[in-house]
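Protein chains in written order, with numbering that gives the first Met the number 0: chain V, 0 to 232; chain U, 0 to 83; chain X, 0 to 155; chain S, 0 to 111; chain Z, 0 to 117; chain L, 0 to 85.
Calculated directly from the structure, the hints in this document are not laboratory data.
Everything numeric in this text was worked out from a predicted model, so none of it was measured.
Misleading hints may appear alongside valid ones.
Said to hold, decoys possible - Take a look, some chain V residues computed to stay more than 10 Å from chain X by CB distance:
# : residue
1 : Val6
2 : Ser33
3 : Ser82
4 : Thr104
5 : Val110
6 : Leu112
7 : Tyr119
8 : Leu168
9 : Leu175
What the hints assert, rightly or not - Have a look at the derived ranges for each label pair, beta carbon to beta carbon:
#  : chain 1 : residue 1 : chain 2 : residue 2 : range
10 : X       : Ala29     : S       : Leu4      : 37 to 45 Å
11 : U       : Ser27     : V       : Thr160    : 33 to 41 Å
12 : X       : Ser80     : V       : Leu10     : 55 to 63 Å
13 : V       : Leu8      : X       : Leu77     : 26 to 34 Å
14 : V       : Leu168    : X       : Gly59     : 51 to 59 Å
15 : S       : Ile3      : L       : Leu7      : 17 to 25 Å
16 : V       : Leu10     : X       : Leu6      : 34 to 42 Å
17 : X       : Leu77     : Z       : Lys113    : 43 to 51 Å
18 : L       : Leu7      : V       : Leu168    : 55 to 63 Å
19 : X       : Ser80     : Z       : Ile85     : 50 to 58 Å
20 : Z       : Glu102    : X       : Gly54     : 36 to 44 Å
21 : L       : Met24     : V       : Leu79     : 39 to 47 Å
22 : V       : Tyr36     : S       : Ile3      : 40 to 48 Å
Virtual Cβ for every residue (Gly too), placed ideally from N, Cα, C.
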Amino acid sequence: MIRRLFVVLLLFGLAMVFSGLMAGYSPDEVLNLSARYYAEHTAQDIGAANIVTAIIVTFRGLDTLGEVTVLFLTAAIVGLVLSHGRREGRGSGRELPPAGELLTTGTRLLVPLILLLGAYVFVNGHLTPGGGFQGGAILASAILLLLLTDPLRRISHRLITAIESTAGLVFVGIGLLGIVLAGGFLDNRILPIGSLGELFSAGAIPIIYSFIGLKVGAEFSSMLAHLSETEDL
Amino acid sequence: MTLLIAMSLLLSITIVAAALLAIRGSQSLAISILAAGLVSLLASVQFLLLAAPDVAMTEAAIGSGLTTFLFFFVLGRVRGGEHD
Amino acid sequence: MFATLLLFWLMLMGRITADVLIVGVIVSLAIALLFPSGLSFFTEFRATPAAFVAGLRYYGLFFKELVKSNLKLAAIVLSPSLPIKPGIVKVRTRLKSRMGRLMLANSISLTPGTLTVEMDGEWLYVHWVSVGSTDVEGATAEIVAGFERYLEVIYG
Amino acid sequence: MTLILDLLGAILLVGGTVFLLSGGIGLVRMPDAYNRIQAGTKATTLGTLLVLAGVACLRPDWGLKLLLIGLFLLFTNPLSSQVLARAAHRVGVKQAPQTVIDRLEEDLGEKS
Amino acid sequence: MAYIAMTTGFVLILIGLYGALTNRNILRMIVAFTVANTGVNLVMVAVGYLHGRTAPILDAAVPVAEAVERIIDPVPQALVLTAIVIGVGVTALMLAYAYKLYESKRTLDISAFKDLKW
Amino acid sequence: MVDLLIYLAATIAGVAFLLALWRFMAGPTAADRIIAFDSLTIVSITGIALAALAEGRGIYLDVALVYALLSFLGVIVVARYIERGF
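Just chain V, with the same shape it has in the complex (with noise of 0.2 Å):
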């Protein structure tokens, strides 16, 4: 009891904090001057019509970088701690329901189109919202379809790592690409920027994108078979 209201108290501070907050915060009318230089220099120097895209493959592509290098560590992290300790030799503890046979034909149906559906997303990511991380979302989606629908199916981690590991590759070739063509790691001005609006524009950007987009689903499909393939306790 003592222990909830101290819980309650701590919170009770933290809402006066944020009341102070609140009542201190005025929108602002214009743009701010950060922002205001990525609004007027994306179209011409990036080409992309995307701005959170730019900002997040080209401003600020070193976060990114290390943002997909972190994701990489938890998925390798959650494949070690979930594969240690599994003991061999005994089965999954209950009988698995089959699928049932209208789910079995949709989910054949509907796969392929999901995967497309995670490639338009991540392809057009500097023109529409989306991008890498949302279209690898959608991959790991389909993916997980296929593991709901045949439970005993067990998806090539050989392959899984060998797809992520080549578009890690590519992804910090490109970068270094930067360098020796144009102005610095990750810049993409590589490739001729084109018309804004067009599909093959803003430079190395749809490249990059659908490079994270693989190995941002790779990484999630891998994190997901390892859940599903652990042991009920």
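Assemble the complex: chain V is given as a structure, and chains U, X, S, Z and L must be docked to it using the hints.
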């Protein structure tokens, strides 16, 4: 504009109600997880109304979709621990 | 399958130019190679003129049924006494192809009032909000026959 | 011409949302899970399709993407409701007292 | 509208923290963390919102020349995008640890894990 | 006239949303709640379409596509979970 503000208000009320359902300890864990997924989902509509379609898509696909699915995977494995 | 994927890609992009086509071909080819067993709307589709006509008439019947029975369901829901008589009945289908069965089950599920619960070979178990007839033949005639006539021509 | 199209679109919008509303009322009033699945998914599917058609009438240049969303919904929604009804029946969710017949239960009983 | 979203975000943070601090089940604590996470994201996006402006994507509706006058601040959106992706990574990690803890003690109650408490 | 009808449509959709929310809060079984979740997602698609109409941005519709996918996958995941079939 009033349309968007009214939608935003409705969403806010719904989000808070779903969050309260999510943390209440008296119902089954699956319902908690589902309610947390609903919080993320409606928050992503809120992001869309705040003119952030990129964030809305990320939250819908990753925050609401994948997180909920991961929770259900783990919950399926630890059925004995559902009750405190 | 490749053709279906490419068609969907073009619909997603909403325009046909050279670059869109190139990327679309690459993506569709990759997915088609990755899932050689994947289905598409055109698998087991009989490309005869009769099938096209039947397809059009099927969609006509489908949308008519959809609107009609939705109105009926709305009337049920809005009436104060809630006049429902639910039950699960058993019907049989003559369709052999998987796509045809999937389309049939989806059509049954989408027309309100009926909902496919389980499918076991040629037997379909259908949940029905207001049961009309409980024996197999009567229920088959009422639920399945209309759609089946066209789907049989389309998918065989 | 565009005025007629706009008006048609707006009417379709209202009609679609009326179906959504009937789905919502059905969700609240129906007595058991199966009937709620019936009312919930199908009325909302038709309602959303009508809304998308209405938006397509108001903005014809968005037509293809709206058509795609509609197709996707039309295909996935009955499938998911079927899977859900099957799962509910497998774990033995109770049916309403008005239920007159359950052939699936009878057949499952014979087999085991 | 920014105020509405910001209030919602702060309330979500408080609710999530309360749930994380009072529940004893590990999975429930993780659920509460995700709720708080959503709240933080909501606050950050709301800070970047400017009244009456639209999304920072240039197309036919927002030509390049008017961009400075019409779009909202894109920087918080980019940050939140990163935060969401990292959030799901953290959640996956916590879930994997929860699974291992359950494997060792066959319970998810936090008070059963006292090995490091002295 | 058209604007008025759009406002009317939004109001009706809001009422439907609240009804589905009530079922989500109250629903006795997990199946009831997940069906309410599905309905809420689908009504949200309508909301997204209306928001895109109000702001005049066609690109918002991409998000609706992801929602359609999500409503399907969420129901499948929970259905397989209550079937004890992972």
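Evaluate the condition: distance from the CB of Val110(V) to the nearest CB of chain X exceeds 10 Å.
Contrary to the label, Val110(V) does not stay out of reach of chain X, its closest Cβ about 6 Å off (not over 10 Å).
Minimum Cβ-Cβ distance from Leu112(V) to chain X exceeds 10 Å:
The assertion about Leu112(V) is violated, with a minimum of 6 Å to chain X.
Okay, Leu10(V) versus Leu6(X) on CB: inside 34 to 42 Å?
violated (55 Å)
Evaluate the condition: distance from the CB of Thr104(V) to the nearest CB of chain X exceeds 10 Å.
violated (5 Å)
Cβ distance range 36 to 44 Å for Glu102(Z) and Gly54(X), holds or violated
violated (54 Å)
With 10 Å as the threshold, tell me whether Tyr119(V) passes as away from chain X on beta-carbon distances.
Nearest chain X Cβ is 5 Å from Tyr119(V), so the label is violated.
Is the distance from the Cβ of Ser80(X) to the Cβ of Leu10(V) consistent with 55 to 63 Å?
Taking Cβ atoms as reference, Ser80(X) and Leu10(V) lie about 49 Å apart, which means the hint is violated.
Whether the CB-CB distance between Ser27(U) and Thr160(V) falls inside 33 to 41 Å:
With a Cβ separation near 37 Å, Ser27(U) and Thr160(V) satisfy 33 to 41 Å, so the hint holds.
Is 51 to 59 Å respected by the C-beta to C-beta distance linking Leu168(V) and Gly59(X)?
For Gly59(X) against Leu168(V), whose Cβ atoms are near 54 Å apart, the range 51 to 59 Å holds.
Status of the given 17 to 25 Å range, CB of Leu7(L) versus CB of Ile3(S):
holds (19 Å)
May I ask you to check that Leu168(V) keeps its beta-carbon over 10 Å from the closest beta-carbon of chain X?
holds (19 Å)
With respect to the beta-carbon atoms only, verify the hint that Tyr36(V) and Ile3(S) lie 40 to 48 Å apart.
Hint holds: Cβ distance 47 Å, inside 40 to 48 Å.
When the structure is compared with the earlier hints, violations turn up for hints 4, 5, 6, 7, 12, 13, 16, 17, 20 and for no others.
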